[in-house]
Amino acid sequence: MSVLAYTENWDGKFKKSTYELLSYANKIAEMAGTELVALTIGDVAEDELKSLGTYGATKVMVVKDEKLNDFIAKSYSSAISQVAQNIDAKYVLFANNVSGRALAGRTTVQLDAGFAPGVMQLPTALEPFVVRKKAYSGKAFADFELNSEIKVLSLTQNSFEIIENTKDIAIEKASVQIEDKDITAKPKSVEKTTGKLLITEAETLVSGGRGLKGPENWGMIEEMAEVLGAANCCSRPVADLGWRPHEEHVGQTGKVVAPNLYFAIGISGAIQHLAGVNGSKVMVAINTDPEAPFFEAADYGIIGDAFKVVPQLIEALKKFKAGQ
Amino acid sequence: MKVLLCMSHVPDTTSKIRFTDNDTAFDKTDIQYIIGPHEELALTRLLELKEEIGDMTITVANVGLKETEPTIRKALAVGADDAIRVDAEPTDALFVAKQIAEVYKQGGYDLIVTGKETIDYNGAQVGEMIAELLDLPSITSTSNFEIKDGKALLEREIDGGKEVIEVDFPFVATSGKGFAIEPRIPAMRGIMMARKKPLNVVPAVEQANKTKTNKFYLPEAKGACKFIDAENVEELVNLLHEEAKVL
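Chains as they are written, first to last, in our numbering: chain W, 2 to 325; chain B, 33 to 279.
Read the hints as simulated data drawn from the structure, not as lab findings.
Among these hints, one or two may not hold up.
In silico contact screen, one side only, chain W against chain B (beta carbon under 10 Å); selected entries [stated by the list, open to error]:
no., residue
1, Ala74
2, Ser100
3, Ala103
4, Gly106
5, Gly139
6, Lys197
7, Asn261
8, Asp306
9, Gln325
We put the beta carbon where it would ideally sit given N, CA and C, even for glycine.
Construct the complete structure from the given sequences, taking the supplied hints into account.
Below, the structure written as structure tokens:
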């Protein structure tokens, strides 16, 4: 038996979330006394593949098949399930990102497995297999038990630390059978925002709310994010008003995030917003209203006008960064 | 065109969450239930499409006990044509997917739409499981949905970008952010009409659970917020660096 982690690559590159997933999967492999195998689909350079060994994988299976040129949930999940069966994987792990969510449910059905979505801690034991996940959109957690022989897990992003555990890694080609009928729903066009830090992966987020009064005032939010090496995001009303694109909405019905540091600027802190961000390690609220509910959730608060505070904060952060 | 919209019955987004029975069950006391917000937006978009193309019936399907019927009636009041309730407690994602797959097989639909996730279980997997069980194409996190000349054109969010996908019917679409903006709310006429619309109750098919929730926890209460003077933002930077160690 073995543990299989689906290590997604983006145009041949792995991301932090890949290494986070491997670090987690490696701990599961240690608990199960078995090896960790990574699986990636498409063209990835040898050095990049070898980087997976730094986080505990002893083997990486590379699937190259022109039928897998486009990301299609059916054909990709089928490839993953075939490899899982070939290596007798008892645990199959995904990152809980957009593609992980597209693949895990199908893989679960194909392998007749049980699925724990969005896990955030290691299981306390493997028998019975009980693992902590989010519930009620971040308002609660649940201990979730899987009683199937094969277990599929998806890992909440930014919930587990990256742990180096360098192993000699073997690179192996894996071949799979993809049926033509499974290549449906092909993308006609793909628009990639390369180079932009993803909200779900950023360690720091600078988030703006309706208190900023209009889209023309986002310059300082973007500037502050840039100074911090952060991504910027927003509250729901801001996205619904069309001030910012929907991809930037964080909260219960938008993206659920868990950065190290979250700045809420001009966001009152409605329960739906807090549910989506309360996984953040440290939260800072800046608001003119001392009664804003966000101050009850925040670790640090400044009661003041964002239009005065933020420019000063940007200067202070620049000074701090320069002194480092 | 026959559309099957899977709908969850969930606590209102403003609900304070509490648990009962030694934290093994959700405490339903004083909880208002709503149509899952993602499904509410999906219904809104489907109604817009129906107005565009004319020929469409929208059936809402819910797996739940009788308590979900007021929520289902609300979907009918907003504009769905009829409804099916599979009479069972939705205890496990695969269980729910199996029920919806069965409804699909019985009814012969052209399209299945689910929300991105339910806001209580947060599994985000039922749509994909249905697609797999029925061997249908699936598109997750759909941010825009058009129907042109009998073909569906969908936009979906990917990690770091967007894709436009053209797909033949039938297929499964999971609605994400942007599917619609403002959910439609029922008008008085809709509420009156909803009472007469068919709500069929069907028994569940068997599917053993492979998962269960043993215990719930609430997040630990945070310590009090430390306030920093607005004229002294350097202090915040120092605290984030030295105390919180996040800078």
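Hint check: 10 Å Cβ-Cβ cutoff, lysine 197 of chain W to chain B = holds (7 Å)
key: Interface restraint verdict for serine 100 of chain W against chain B (beta-carbon cut-off 10 Å)   = holds (6 Å)
query = With a cut-off of 10 Å, does the beta carbon of glutamine 325 of chain W approach a beta carbon of chain B closely enough for the hint to hold?
reply = With a minimum Cβ separation of about 9 Å from chain B (threshold 10 Å), the hint on glutamine 325 of chain W holds.
query = Does the nearest C-beta of chain B fall within a distance shorter than 10 Å of the C-beta of glycine 139 of chain W?
reply = Nearest chain B Cβ about 8 Å off; hint holds.
ask   = With a cut-off of 10 Å, does the beta carbon of aspartate 306 of chain W approach a beta carbon of chain B closely enough for the hint to hold?
value = holds (8 Å)
key: Restraint check, 10 Å cut-off on beta carbons, for asparagine 261 of chain W near chain B   = At about 5 Å, which falls below the 10 Å cut-off, the nearest Cβ of chain B leaves the hint on asparagine 261 of chain W intact, so it holds.
key: Interface hint for alanine 74 of chain W, Cβ within 10 Å of any Cβ on chain B   = Status holds, d = 5 Å.
request  = Have a go at the alanine 103 of chain W hint: is there a Cβ in chain B nearer than 10 Å to its own Cβ?
outcome  = Holds: closest Cβ of chain B sits about 4 Å from alanine 103 of chain W, inside 10 Å.
query = Under the criterion of a CB-CB separation shorter than 10 Å, is glycine 106 of chain W in contact with chain B as hinted?
reply = holds (3 Å)
In summary, the structure agrees with every hint in the numbered list given earlier.
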